[in-house]
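*Asks:* Below are the chains, spelled out letter by letter.
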Amino acid sequence: MEFGLTESQEFLKDSARKFFAGECPSAEMRRLMETDTAYDPTLWSKLTDQGYTGIIFPETLGGVGLGKVELMLLMEEAGRALLPGPFFSTVVLAGTILDAVASLAHKNKYLAPICRGEVRATVAIVESNASWNPRDIHLSVANGKLTGEKLFVSDAAVADFIIVIARNGVFVADSKARGLKISPMRAMDLTRKLYAIEFNETPTEEIGSTANLARAFDIATAALAAELVGGMQRTLDISVEYAKTRKQFGKPIGMFQAVQHQCADMYLETESARSAVYYAGWALEENSPDAATAVSIAKMYASDAGRTVGNRGIQIHGGMGFTWENDIHLYYRRAKGSETAFGDATFHRERIASLVIDSGGVSAKSA
Amino acid sequence: MDLNLTKEELAFRDELRAWLANNLPKDWNEWREKPIEESFPYLRAWQRRLQDGRWAAVSWPKEYGGRGATLMEQAIFWEEMARVEAPPMANSLGLGLIGPTIIAYGTEAQKKRYIPKILSAEEIWCQGFSEPNAGSDLAGLQMEARLDGDHYVVNGQKVWTSYGWIGDWCELVVRTDAVVAKHKGLSVLLVDMKSPGVEVRPLRQMTGESEFNEIFFRDVRVPTENVLGKVNDGWNVAVSTLMYERGSYGARLHLIFKRAITRLIELSRSVQRNGRPAAQDPLIRQKLAQCSAEIEIMRFNQMRAFSRITATGVPGPEGSIQKIFWSELNQRLQQIAQELLGPYGQLLGGDPRAVDKGIWSYGYLRTRGNTIEAGTSEVQRNIIGHFVLGLPRSY
Ligand SMILES: Cc1cc2nc3c(=O)[nH]c(=O)nc-3n(C[C@H](O)[C@H](O)[C@H](O)COP(=O)(O)OP(=O)(O)OC[C@H]3O[C@@H](n4cnc5c(N)ncnc54)[C@H](O)[C@@H]3O)c2cc1C
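These protein sequences, in sequence, are chains A and B.
Sequence positions in the first sequence follow numbering that gives the first Met the number 0 and run 0 to 366.
Sequence positions in the second sequence follow numbering that gives the first Met the number 0 and run 0 to 394.
Everything labelled a hint here was simulated from the structure, so no lab data went into it.
Do not rely on the hints blindly, as some may be mistaken.
Said to hold, decoys possible - Listed next, the stretches of chain A that the computed footprint assigns to chain B, with coverage defined by at least 3 CB atoms under 8 Å from CB atoms of chain B:
| # | stretch |
| --- | --- |
| 1 | 3-12 |
| 2 | 289-301 |
What the hints assert, rightly or not - Computed footprint of chain B on chain A, listed as stretches where at least three residues anywhere in the stretch have a Cβ under 8 Å from a Cβ of chain B:
| # | stretch |
| --- | --- |
| 3 | 99-105 |
| 4 | 205-211 |
| 5 | 231-244 |
| 6 | 326-334 |
Glycine included, C-beta positions come from ideal geometry on N, C-alpha and C.
Start from the sequences and build out the full structure, keeping to the hints where you can.
*Replies:* Written out as structure tokens, the structure is:
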């Protein structure tokens, strides 16, 4: 039993960190967030060159064929850099759904171009009731046509196609299709833009049933938790650095226990979220019977801890923490978006309850 | 990262399972409710039996009676012991903290003298660190040890000494040099608790029991050969014991917590709330789920820490995360039990209406000590702040 990362996992994490630091430093991230879509084609082709756009997909489709733990590591580093644009939407979300539900022909048509970095995509899930519970999805496709509204769709404006989760299946609509209207929703996180999509007799192509969606959602949910961990780590690093250098009463503020203990708690929360995320990645990879529980544990903890770490980080910075200039609020904004996406802590606690209380518990595979 | 058991780990587990199948006592349930003073001989006998199979201290090197087990094998050991609900071992401080310190710092003669009897539970050990004026600030302790020929003469008082009432030997931290800086004048003595001048008094704790004691030392003579490590290097020896203390609990506590939450979930199906089982109450569900999740996270943190220690060779200050995590989680768990049980939660063992013979009222009170013993939560946060994050010392 080995919970540590392998050499090649360490290497992947390390090179991802260096890649994001070099290609998407804070100034670049800020430049992109001020644009309409936060998308940059040059950055995208560099992500593709790294193999990131195909990271967990089969080599036969042009992917790299790595596992879910590796995906968690990559997303953690993307989160640390607050990577703007449609990486999560395209690769993690649309990609895993295609991988889970589509036929080989559809994979060749839609997933392979994602791996090759040729297209951007997203997934429309939530409706006006804002529920992440699949039961609350009402839109359905009739005679290949879709009418209705989806909300909180990330990166839709740069998507070449949109996967729509409907009551009666999983469908793809071309983003230029007839009767499809994309309008921005103005939300806190400026690095991942959200949209409302209106469908009016829009033609769609069915790519699979909703039966296999749960696993794809679990992978995306865990990856989002991993991204939160990266943001927490960055918030912790910025705050500790500030606590060492900012002086008041002739001393570094990190000497005051009220500050130091906040830093200690940020560390505890970040490390605990990281443990939960790595475990979830492993459980998904191994198809462990407790994988769904593990994903909910990770998302539950990271959703709350992401916000709490942000709260602490801002407080530690005093007035500086309240400025636009300090990056900390950008992480805080992303954390709020990610907290509610794919179910907040309350949602996942209820899911855990239904798994461990109602069905008498699912135990872990190991030991 | 691979959480599947290796071939060696599976073999270790199967050997233990086979041994337990033949050796686990069947009558533990008749003893477990009794006061520890009464069940202590039983626990000694059980530990002795375990050691006859070389299972009492699996982590210790083979030459000292252990199995040189990896941390993961230790985790498997505790997992298996919990699975069969084995009785605890009598000499828990000797096995968990003091034995490893003697192995690390002791002379060959000391190891030969003390280690076998720690393993066989022939000699029970206690940890004499805290004093009335030295708790968190352990290095400020005052117990005086004056050199007199080939003996030290010890005077002073220790307090909160767990197992003091039954201890045969004590790992005692004393001041051997009062002039130098406080960390530099300490030494560790291995003290026979039957020495003339040692007086043990019970100290009643808020649960009503007396797990720990006050110990008075009046002109107690301790041979110089009983110094553990170097004279005036006692701080490092003591800190190594504290590291084992912080690290060693984690491996088995999640199993104890898991059993507690499983029981609470079971109770929530029969306890009524607003006219239906509490298990259907959304708020109770949220709380039980949060607690179950945190118990799992504690296990994940522990496994990660094990991998890190295996890679680096020593338990590091990150162990403070585990100490904070388990102690505060245990308090939250007991609070949830109280909320679930309502007025029944307060009933003590002995009351015919007490749930589960009063373990929940006891647990509620006992867990207040968790954030104090083995280094307070505040001190653990200082350790993380200073030693892990590199912030300046706050005091
Ligand atoms: C159940 C139990 C079993 C125990 N068993 C043993 C044993 O076997 N052997 C043994 O030697 N000891 C034992 N102890 C003692 C234990 O180690 C001490 O109680 C503990 O280290 C705290 O010391 P103190 O009680 O003197 O409190 P103090 O150190 O006086 O602390 C009082 C309060 O001040 C805070 N504080 C102190 N210093 C700082 C600081 N620098 N920064 C921030 N806050 C600070 C503390 O966190 C605490 O809240 C046991 C205690 C308990 C509760």
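*Asks:* For each hint, tell me whether it holds in the structure or not.
*Replies:* Here is how each hint holds up against the structure:
1. 3-12: Since three or more residues must qualify, the claim that chain B covers the stretch 3-12 of chain A holds, with 4 doing so at under 8 Å.
2. 289-301: holds (count 6)
3. 99-105: violated (count 0)
4. 205-211: Result for this restraint: violated, n = 0.
5. 231-244: n = 3 at 8 Å, threshold three: holds.
6. 326-334: Per the Cβ count (0), the hint is violated.
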